[in-house]
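Throw the hints in and build the complete structure from the sequences for me.
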Amino acid sequence: MNVHGLEFPDSLRYAPEHSLWLREEADGSLTIGLTAYGCALYGQIFAFTPKRVGARIERERSFGVVEFAKAASSARSPLAGELLAVNEALLERPALINQDCYGDGWMVRLRPEDWGAVREEFPLGKAAEAAIAERMRLDNFDPANAHVQALRWK
Amino acid sequence: MEHNDSQRVLILVASGPSTPARCAAPFHIATLLACMDAGVTLYLTGEGTQLARREVAESLRAVEGGEPLLHFIRNAKQAGARLLMCRQPGVQLDPATLIAELDEISSGGELAQMILEYERVLTL
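Line by line, the protein sequences are chains A and B. For the record, in the first sequence the residue sitting at position 120 is 119 according to numbering that gives the first Met the number 0, with numbers rising by one throughout. For the record, in the second sequence the residue sitting at position 121 is 120 according to numbering that gives the first Met the number 0, with numbers rising by one throughout.
Calculated directly from the structure, the hints in this document are not laboratory data. Every residue gets a Cβ at the ideal spot worked out from N, C-alpha and C, and that includes glycine.
To give an idea of the interface, some chain A residues facing chain B are shown, with a C-beta separation under 7 angstroms as derived from the structure:
hint	residue
1	60
2	61
3	64
4	70
5	71
6	73
Listed below in structure tokens is the structure:
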């Protein structure tokens, strides 16, 4: 799926309000990362500092901090759960998020609480397109900005 | 499972225009702490009270060519930090000269109370 020139793999679930993707793993955990749109909003990411493995993350609370050129932002979890793993590679190479946000640039792995009850809040692939486009509209997203162009050229 | 309840952090900002290189760090740290869900209060005291003056906040830079201090103050505020300033006895303040980001002018007694109540106190 492509929204305003940005790629959103059909195999992933999305939390459009948080600019995050979620992948269901065989063991019931979720791998979570920043979408291409999130990367476009932040620009070059200088650091990602996750909370400690084992931390309980409440819904809408921070699972880490993203530092970018002129500011920092909380990475808020769209659902509650326990932090099972963090992507250690990002500590050395935070730019992996920009370079491969759906692959090596994943951020954390979470064991969700009551996933069955909230699963449908996170639309799969194409079903998320309208919500993502609406989020972009509300943000006055400019597909022509430099960060977006850089993502297209990858 | 480890519970990560919100902690309160008090940052005493004592640095001022005489040491510009030290002035942005308290606000950046406050931003990061607030992004990690800590309840953060920045308290300007001593020379740090000068940072609440708009002309200082708009012009002081920690590094040459960098963003003015007000940029860091706004980031901290946007992340959820509170900004307080020590009331200095005998010093007349014109509110019109202070930055809009200031939440409150507070007494030394209130500062003492916060020091006793907060989980962490930093002086920067």
